[in-house]
Structure formats: C-alpha cells, structure tokens
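Construct the complete structure from the given sequences, taking the supplied hints into account.
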Amino acid sequence: MIDIAIRVDGLGKYYRIGRRESYKTLRDSLTDLIHAPLRRLSLSARPNSSSNEQPQVDDGHIWALRDVSFEVKRGEVLGVIGRNGAGKTTLLKILSRITEPTEGHAEIHGRVGSLLEVGTGFHPELTGRENIYLNGAILGMKRVDIDRKFDEIVSFAEIDKFIDTPVKHYSSGMHVRLAFAVAAHLEPEILVVDEVLAVGDISFQRKCLGKMEAVSSEGRTVVFVSHNMTAARNLCNRAIILDQGRLIHSAEISEAVEYYLGMTDPTQTDGCVLPISENSHPGSKRVWITSFGARSAGKPGIPPQSGADAEFIVGYSTQQEHPIGQLGVYITVSDLQGTNIFPCSTGMTRSRYLANVPPCGMAVCEVKNLPLVPGRYRVSLAIKDFSGFVEHLSGVAAFEVTDGGVSDVSYFPPPGSGNILVVQDWKCIVSECESR
3 MIDIAIRVDG
13 LGKYYRIGRR
23 ESYKTLRDSL
33 TDLIHAPLRR
43 LSLSARPNSS
53 SNEQPQVDDG
63 HIWALRDVSF
73 EVKRGEVLGV
83 IGRNGAGKTT
93 LLKILSRITE
103 PTEGHAEIHG
113 RVGSLLEVGT
123 GFHPELTGRE
133 NIYLNGAILG
143 MKRVDIDRKF
153 DEIVSFAEID
163 KFIDTPVKHY
173 SSGMHVRLAF
183 AVAAHLEPEI
193 LVVDEVLAVG
203 DISFQRKCLG
213 KMEAVSSEGR
223 TVVFVSHNMT
233 AARNLCNRAI
243 ILDQGRLIHS
253 AEISEAVEYY
263 LGMTDPTQTD
273 GCVLPISENS
283 HPGSKRVWIT
293 SFGARSAGKP
303 GIPPQSGADA
313 EFIVGYSTQQ
323 EHPIGQLGVY
333 ITVSDLQGTN
343 IFPCSTGMTR
353 SRYLANVPPC
363 GMAVCEVKNL
373 PLVPGRYRVS
383 LAIKDFSGFV
393 EHLSGVAAFE
403 VTDGGVSDVS
413 YFPPPGSGNI
423 LVVQDWKCIV
433 SECESR
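So the sequence shown is numbered by our numbering: it starts at 3 and just counts up by one.
Derived by calculation from the structure, the hints in this document are not laboratory data.
Check before you lean on any hint, since a few could be wrong.
[As the list claims (entries may be wrong)] As a list, the in silico DSS-like pairs of lysine-lysine whose alpha-carbon atoms are at most 30 Å apart:
1) Lys209 x Lys75
2) Lys301 x Lys370
3) Lys213 x Lys163
4) Lys75 x Lys170
5) Lys75 x Lys213
6) Lys151 x Lys163
7) Lys170 x Lys213
8) Lys209 x Lys170
9) Lys170 x Lys144
10) Lys163 x Lys144
11) Lys209 x Lys301
12) Lys209 x Lys163
[As the list claims (entries may be wrong)] Have a look at the derived ranges for each label pair, beta carbon to beta carbon:
13) Lys370 x Gly87: 52 to 60 Å
14) Gly212 x Arg18: 35 to 43 Å
15) Lys370 x Lys163: 14 to 22 Å
16) Gly87 x Ser319: 45 to 53 Å
17) Glu260 x Ile6: 20 to 28 Å
18) Ser389 x Phe414: 29 to 37 Å
19) Ile250 x Ile6: 54 to 62 Å
Computed from a prediction, not measured in an experiment: that's the story for all the values here.
We put the CB at the ideal spot given by N, CA and C, even for glycine.
Spelled out as structure tokens, the structure:
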C-alpha cells in the first residue's frame, strides 16, 4: 500500500450535457447527502455501454468516463493517451479533486500539484508574486518554504519583469510558464500535467520535459497527458490508453504507443490511392483535396521503395468549369510520432505553382531516389489557389515504404534509429600510428 501513489477503482463520470455545475450551499450539500444512495441506485440501473460503442448519450446525458481502474506506483511516470474526447482531462480533474466522480473512487497518497488549463488556480486580480504564495498555501506549504523556492520559480517562468503585474494581464504563454513553474517547484508529491504545455514555445516545452524528468528522478510521481508520442516515449515508464471514456489498454510505454498508433493510423491499406472524405474539408470549397496516393514512379499498384524514384499523387476538385490559373500543392511527410521529415511543394520549384491545370485532376510530385528507410509514414496535405490557402489536412493519410532491393543498402537500421536513407560509401586510408 505504501508504494502506491494513486489507486483508481471503477471510476466513472456522468454529465448532463448543457448543464453547468453551480456552487453548493450547506443545505444543498446536506440534501445531496440524503439523496446520494437513491442517485447511485438510479445510475447503476442504467444500461452499460459496450467498450466498442461511443460514450453513451441518453436524453442529454453522457458518460465521460466509465469503469476505469488502474494503479500508479510512487516515482512512476504514467502517460495518459487517447483521442480528443476520450476522457483524459476528466480523469485528471478527478485526480486533482476539481471534479467529483459519479461512481467509483480514486485514492491519492500525497500532495498533488496540477496543471490542467491555462491559469488554473490563479486569481486574475492578484499579481504573479501573490499567486505563487497563494498556490503554495493551498498545497499546505509554509511561507519559509515558498520563500526558498520563489527565485527559482520566477527564473524558470522567465517573467521577472512582470512578477508584480496582475495575472489577468498575462498572455497565455506567460500563464503557462508561471503555472508550470509553480506546480513543479512547490514540491508536490504527485505532479499532474495536461496537454496545456502545447501552448508554450519549443524551448519552454523542452525545459518543462526536463523538469518533469528531474521531478520523477527525485522519486515523485508524474501523470502526463500528451498527444506527442515522442515526448511520451522519452518521459513515461508506462501508459494507459483511454477510448470513449474507457480504459482499453495498459502497458509499458513503447508497447502502449505502438498500440495507440495502430488505433489512429488513418489508413491500413497498402494501395496507392486513399480517398479523403469530403467531411474533412474545413476550408473554402473553391478547391479541395479528394485523395492521396504514393507509389513507385510509373508503377501503379507498387508501393514506393527505398532509394528508388517515387510519386506522390494528390487528387483535387473544384466547382469551376474552366482551367485554374494557378494551383499550389503542399505535402509534408512525417513519422508516426508526428515529427516532420521533409516537405514537397510546388512552392519549392521555380514556377512556384502549377499553371492552367484542369478544374478536376491529380497533381503528381516525383521524388528522386526516395530517401526513406522502409516503414510507415504519415502525410499532411495543403492546397491553395490564386487567393491563398484554402485547405489544410493534418496527418490525413499514410503510406508504406518497402525494401525493393533497389538501393545498395544491405542492412537497414532498426526502428527508432532514424528515417532518412543517406547514400554513402566507406573506405580506409593509411595514417601514422601514434605510440602509446
């Protein structure tokens, strides 16, 4: 028991859509206490939703979480992974005692510092300095302990000039920097961090990840929600995966990431053309993307091969009846963790656009000596006409690169060693040996 920092058993959260929770008076609390057994009986009588179904919505109600159980050991860094709306933030709010569960319970053994939303726990009328002391008091720290950490917090947040300014005047980035600095430096035994770190710039995100690594190395517990699989791999020991309010998988971090990527792969087909649903078009309908394909150059049905010429094919359509004066097409190839590898675009050519193209057709980009090792890759697409960008689809497609024996490489590095295929040759030259 002493080695467990968090124990969650049968946790569930039931919401009435469109209803706001109000502050309760003492009378309300007593009334709730009397009616709680009847409410629990009513909820238990509701039909359970299958794990393969969407979160059950009935008469304006929804289960944001249902029957979630897991344990987190002291000093462990647990990742919480899942699609948007899977219930990750609801889980963290329950662990942080911001929201009460509808069913089940969560045992927290230790002081919790949480960073869930920009400015969470800050009073907008108080200055940064005053909010640091307020948050420390909420965590149960003595003023002398906060004094000892104060300069370190301000330095980490990089807001020295604004520490005596009311936080209502802070930008979102300043809010995040100060909130994380307070949460991480006031010595919580359990640190709970949501994807809010995405608001900060790249250098600050790296600094935050480094601080969380330091916190975990000190034997404290971290619960980390992220859509960045690279960050999750580097930071977490283990991860749980939520889907539609239910915990569907729990494993060591590498296995959990692979499981999640398998869930979210936009295509499992090995074919060359991926139709793109019209429902995915967020932009103007002057011109839109209809499909994406990847193949060996001039070889329909053959996947692209390492070191060989390849073709990326972007289908497009318009409402026009006449040729388009100019069309710009942009492709970004990334790995399955979302790290960009290289771009291809008409903008990188001398003409910068395709000119006088038909109103509906396919834009073909030929890539010489495809510099990718065998594996699976994601693609983001964008398109624009004379007026500018009209559509951008992030991570909308995927394709497989195979080893067709075209390149001179006899050995490809294992996954995680890199994605770029570098043409190389080795030789040895004679030099004078140094005496030892």
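Each hint tested on the structure:
no.	hint	in the structure
1	Lys209 x Lys75	25 Å, holds
2	Lys301 x Lys370	14 Å, holds
3	Lys213 x Lys163	23 Å, holds
4	Lys75 x Lys170	37 Å, violated
5	Lys75 x Lys213	19 Å, holds
6	Lys151 x Lys163	18 Å, holds
7	Lys170 x Lys213	26 Å, holds
8	Lys209 x Lys170	24 Å, holds
9	Lys170 x Lys144	26 Å, holds
10	Lys163 x Lys144	25 Å, holds
11	Lys209 x Lys301	47 Å, violated
12	Lys209 x Lys163	20 Å, holds
13	Lys370 x Gly87: 52 to 60 Å	42 Å, violated
14	Gly212 x Arg18: 35 to 43 Å	42 Å, holds
15	Lys370 x Lys163: 14 to 22 Å	51 Å, violated
16	Gly87 x Ser319: 45 to 53 Å	30 Å, violated
17	Glu260 x Ile6: 20 to 28 Å	27 Å, holds
18	Ser389 x Phe414: 29 to 37 Å	44 Å, violated
19	Ile250 x Ile6: 54 to 62 Å	22 Å, violated
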